[in-house]
Amino acid sequence: MTDLDLSTPAPPRGSAKTLGDPVVVIEGVRKAFGGNQVLRDVSLTVHKSEVVVICGRSGSGKSTLLRCIDQLETIDGGTIHAAGHLMGFREKNGRRVPLRDAQIARQQRDLGMVFQNFNLFPHVSVIDNITMAPVRILKRDKAEAQKEARALLKRVGLPDKEHAYPRQLSGGQQQRVAIARALAMKPKVMLFDEPTSALDPEMISEVLDVMVGLSEQGMTMIVVTHEMGFARAAADRVVLMHDGRIVEEAPPEEFFRNPKSEHTKLFLSKILQH
Amino acid sequence: MNWSWTFFFDYMTNGLMLRGAWTTVWLSVISMILGLGLGIIAAMMKMYGNRAVRWIAEFYIWLFRGTPILIQLVIIYTGLPQLGIRLNVIESAILGLALNEGAYLAEIIRAGIMSVDKGQDDAARSVGMTWRERMYLVILPQATRTIIPPLGNQFNGMLKTTSLASVISMEELMRNAQMLAQIEFRVLEAYSVAAVWYLVLVTIWSAIQVRIEAHYEKPFGPAAAVSPEAKKDLDKAIEKAGVA
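Protein chains in written order, with our numbering: chain A, 367 to 640; chain B, -1 to 242.
Here chain A stands alone, though its shape is the one from the complex:
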């Protein structure tokens, strides 16, 4: 069901682009759920304005990696630096001390996350979804936050939806509001966890369009997705995870034309045979 043509063509992004400072640095990260080792020694660096697409079979650990970056899961080993923070810990006399809830929350404000199931707050309107965190947590001026929220809604193509409740929106519209909600915190990096997997096919492109637009404006993005069309058009690098490890990491043209790993070849053959 995934096809290689992206509905909206974007200018090709070459690997020739000069790399900015690293925004996310993942080193030797391990994570297990009970006896199930989901991440085994994962390392990955993402630079400013880079778009990295992570793909792989379900259960390969790609969503868990994203959740670990945003501290929705705590890691068992390794380090994650993101947006200038050592995520989940602080250094004290050369030792790492786990952070408390409020300190983790402060770090999370610099990272934006978009979920497969949108997870909009159903009990408040669209504009309140977007302004809740800036107003109630950052104590920003409400009128100003609303002004910015309206600008964000315009940016994701939903200028007339501010008073709607989430249930009144289609899946694609809800996901675009979710993107606006994350952007309202002015994150230094955006994490997308299969943002189009729960959408009907005809709504996928409206979400991908917004994401392509974001990447063109220089947002640093890590995107877990099966949308290979998006990877081709917008990614600087494509990463394949298999069984908790990164087994291939290459610019899209190399990843699709000349994969080195057997896992990548198998993955591509399965995805492209439709």
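Careful, some of the hints might be misleading.
[As the list claims (entries may be wrong)] Quick list of simulated restraints, FRET-style, between CB atoms:
#, chain 1, residue 1, chain 2, residue 2, range
1, A, Glu510, B, Thr65, 53 to 59 Å
2, B, Pro148, A, His447, 43 to 49 Å
3, A, Lys505, B, Met177, 54 to 60 Å
4, B, Trp53, A, Gly584, 51 to 57 Å
5, B, Gly219, A, Gly523, 50 to 56 Å
6, B, Thr65, A, Thr445, 53 to 59 Å
7, B, Lys116, A, Ala468, 20 to 26 Å
8, B, Ala50, A, Gln403, 30 to 36 Å
[Stated by the list, open to error] Computed list of lysine to aspartate or glutamate pairs in DMTMM-like fashion (alpha-carbon distance at most 25 Å, straight line):
#, chain 1, residue 1, chain 2, residue 2
9, B, Lys116, A, Asp494
10, A, Lys631, A, Asp407
11, A, Lys554, B, Asp120
12, B, Lys216, A, Asp494
13, A, Lys636, A, Asp609
No lab work stands behind these hints: they were computed from the structure. Values in this document were obtained by computation on a predicted structure and should not be read as measured data. Beta carbons: idealized from backbone N, C-alpha and C, even for Gly.
Got chain A sorted already, so can you dock chain B onto it with the hints?
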């Protein structure tokens, strides 16, 4: 037949009964609010506390759900003075009713919190909310929707349970009906009037409850309130499913 409508209607507006009805109302409201606070605290302790904290909450719930409210009231009012703790009638009635109510509400609130999708907590954390902020802004407002109907049911029960406070001489509707019955021995009329007053209070509450439920249902609304776009998408999906 010795039923007197004259006494019945006279008692309906008797000062003793009116004061009793009013006492029943404020006793119920205060006990419910305090019980709600206790219930929220107990639910939080049981869900998020460490082992010792959880145990305390579970013991409280077990104790107050496992013994009759009548015994709880009598122990608080007539038993505790033996330990040097002296509470007056009003304090005893409120404390007993609130403690009892809190134990029941704790489980209702816990169920409400558990009914909120796990993804809501993820989303709240992803925008940088602390535990307190997640609870206050995201989880509890949504749990409220699930909690309100059983909560209304509990308050309905509370209005009538307050009658048990009559045994510790709390001058509410039941107690005042007893006193009225003693005056002219119009027992049937006096208690019938009390019963009618309870019906009136419960009926008024039902009307209020409907409004509160509607308020909390508004964001989730009926399917008919779906926006035209969402409806178009829905129609498309149905059409597609029909073809396939």
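Problem set entry | Which numbered hints fail | 5
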